[in-house]
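Asks: Chains as they are written, first to last, in this note's numbering: chain A, 1 to 301; chain W, 1 to 301.
To be clear, the hints were calculated from the coordinates, so they are not data collected in a lab.
Take the hints with a grain of salt, since some may be wrong.
The calculated label-pair distances, taken between Cβ atoms and stated as ranges, are [to be verified]:
| id | chain 1 | residue 1 | chain 2 | residue 2 | range |
| --- | --- | --- | --- | --- | --- |
| 1 | W | Glu-254 | A | Tyr-150 | 44 to 50 Å |
| 2 | A | Tyr-183 | W | Ala-281 | 22 to 28 Å |
| 3 | W | Ala-174 | A | Leu-217 | 39 to 45 Å |
| 4 | A | Lys-251 | W | Lys-57 | 55 to 61 Å |
| 5 | W | Tyr-183 | A | Leu-96 | 20 to 26 Å |
| 6 | W | Asp-89 | A | Ser-132 | 35 to 41 Å |
Just a sample of chain W residues kept apart from chain A, beta carbon distances all over 10 Å, derived [to be verified]:
| id | residue |
| --- | --- |
| 7 | Ile-137 |
| 8 | Ser-139 |
| 9 | Ser-141 |
| 10 | Gly-208 |
| 11 | Pro-250 |
| 12 | Lys-282 |
Because the structure is a prediction, the values reported are computed rather than measured.
By construction, the Cβ of each residue, glycine as well, lies at the ideal position given by its N, Cα and C atoms.
There are 2 protein chains.
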Amino acid sequence: MKKSLLAVGSVALDSVETPFGKVRDVLGGSATFFSAAARFFLPVSIVAVVGKDFPAKYLRFIKSLGVNTSGLEVAQGKTFRWQGYYDYDLNSAKTLRTELNVFQSFDPKLSASHKSCKSVFLANIDPKLQYSVLNQIKSPSLVACDTMNYWIGTQKEALLKLLKHVDIFLCNDAEARELSKEYNLIQCAKWILKRGPKLLVIKKGEHGVLCFSKNFLFLAPAFLLESVMDPTGAGDSFAGGFIGYLASQPKLEEQVIRRAIIYGSVLASYNVESFSLDRLAKLKRPDLLKRFDLFKKVTHF
Amino acid sequence: MKKSLLAVGSVALDSVETPFGKVRDVLGGSATFFSAAARFFLPVSIVAVVGKDFPAKYLRFIKSLGVNTSGLEVAQGKTFRWQGYYDYDLNSAKTLRTELNVFQSFDPKLSASHKSCKSVFLANIDPKLQYSVLNQIKSPSLVACDTMNYWIGTQKEALLKLLKHVDIFLCNDAEARELSKEYNLIQCAKWILKRGPKLLVIKKGEHGVLCFSKNFLFLAPAFLLESVMDPTGAGDSFAGGFIGYLASQPKLEEQVIRRAIIYGSVLASYNVESFSLDRLAKLKRPDLLKRFDLFKKVTHF
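Kindly produce the complete structure, drawing on both the sequences and the hints.
Replies: Structural data, given as structure tokens:
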């Protein structure tokens, strides 16, 4: 059976301001950024919900990326909206407004074909929902999930229950600390790796990525850019490149995982070069290979 | 002539509190940390001043490291003292008290043998003093300097005058931004590299190091540690490993510079594992090689 990857998360309309520009109601959402990055490595299907107001041009755009949208429900009501801004310190978003809208009652029922997917990425949504989706998948061989501080604070038990069934857990450094109640990141990793995941990926934004397993450690700086326009979606495009590459490979070996981390970093680095999905839309496969090689050039010694 | 390295800076008594312990009036200072790290690669001489109260055991200790202390003046008055604390976020020190004491009138006159040194590290002191020391050196072939936000704020012209004669400039990310008035670090580097230095090394503490030249870029994460006791001296022990290795090599080639950055990171990583110079004192050359190899293992892909 041909490999494919299912991504469950949000498709959103983002309004973002950074020191370098301002956009209103542009395409965003975790499933969108993730799939726009992962599609370079294998076919991707998204499971998400939008409202009746979701612009037809954005739907056409997602399809034009080659992403399977059969699981994208159009519900009565308005699309999920996020508004935020970034200061010169582009590493942390300040949320001005979150309108869940149709996302509030999101409770996906997977189609027969989605149920037989082998690889799944559960983007940052309520851990109970992540669990319910995972439960519908017949025999997944690669399960990855993301989360955020809000769920660690309000749904910790549900998150820990989910983690028992997850192969790869992605979070940022503050979230790893909040979840484990440890400060040192190696201690955080030990705590989290005992709760189920085989791999923990700690994302530090412009400061790079730490990847932990029981058997090895891998550290990667972020690719250094001369111009960062908008960091929105950096984490999800990282996850898309990382999980996409992994899911396309025959085995989850150490060397494959290291390369996957770099592909994730490459996708994230392209994504932040413009607002919304503007850069990812134009990206070609040779661009990935070029920056992958450059990554090696600036890090190896 | 045998290679040797001159380090001009402070020898201090530090009082430090971190979440992991507390020490009072222990050995510290930029020249001390620097030389304790650089001594692994070539003979090091320090030029600094202490007061009559400087404990004989610390002088014996510095000598026991093989560091040449003929340029360590003992002046009337008290030794330079620094008191600071670190929170769980060990990346930034909070200064509680700085007593310059004998350091206030520090105006070193180099001996004949120091004047003929080929490599010199001007640790973080008044840029006018750094310049005056540099002027006494006959024909230096490798000049490196560090600075801090205080000098950028109060002695910017003197610092820029010094930079014209400096091969390698080390600073942290906030200082690079403050000096260049750019936010993006590549832009900062372009600005600084136009002012004289051939190499700029931006230290980001636990987030690693960025090394810029006109011809290449090198990014290194920090070595990840399970236990960090006290970050005091991390920047100076980094500089000691980095400049020490460089000064010991026949040519400043790109590959040599990359390895030097890793040696700097290795020395800094050992230094922060204990208070004062406790860890550096016990360090053996095989420890360096071991962690250098491990660094490659956790970063290459």
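Asks: With d taken as the least Cβ-Cβ distance between Ser-141 (chain W) and chain A, does d exceed 10 Å?
Replies: holds, 23 Å
Asks: Since Lys-282 (chain W) was said not to touch the interface, does its Cβ keep a gap of more than 10 Å from each Cβ of chain A?
Replies: holds, 22 Å
Asks: Cβ-Cβ distance between Tyr-183 (chain W) and Leu-96 (chain A): within 20 to 26 Å?
Replies: holds, 22 Å
Asks: Regarding Glu-254 (chain W) and Tyr-150 (chain A), is the given constraint of 44 to 50 Å on their beta-carbon distance met?
Replies: Given a distance of about 46 Å, which is inside 44 to 50 Å, the answer is holds.
Asks: Quick check on a hinted range of 55 to 61 Å for Lys-251 (chain A) and Lys-57 (chain W), using CB atoms only.
Replies: holds, 58 Å
Asks: Far enough from chain A: is every CB of that chain over 10 Å from the CB of Ile-137 (chain W)?
Replies: Label holds. Min Cβ-Cβ 30 Å, cutoff 10 Å.
Asks: Far enough from chain A: is every CB of that chain over 10 Å from the CB of Pro-250 (chain W)?
Replies: Its Cβ never comes within 10 Å of chain A, the nearest being 18 Å, so this holds.
Asks: Is the distance from the Cβ of Tyr-183 (chain A) to the Cβ of Ala-281 (chain W) consistent with 22 to 28 Å?
Replies: holds, 27 Å
Asks: Confirm or reject: Gly-208 (chain W) is not an interface residue toward chain A, with every Cβ-Cβ distance exceeding 10 Å.
Replies: Gly-208 (chain W) is in fact no farther than 10 Å from some Cβ atom of chain A, at 6 Å.
Asks: Taking 10 Å as the cut and beta carbons as the points, is Ser-139 (chain W) off the interface with chain A?
Replies: holds, 30 Å
Asks: Taking the CB of Asp-89 (chain W) and the CB of Ser-132 (chain A), does the distance hold inside 35 to 41 Å?
Replies: holds, 37 Å
Asks: Can you tell me whether the CB distance of Ala-174 (chain W) to Leu-217 (chain A) sits inside 39 to 45 Å?
Replies: Between Ala-174 (chain W) and Leu-217 (chain A), where Cβ atoms are some 28 Å apart, the hint is violated.
Violated hints, in rising order: 3 and 10; the structure is consistent with all others.
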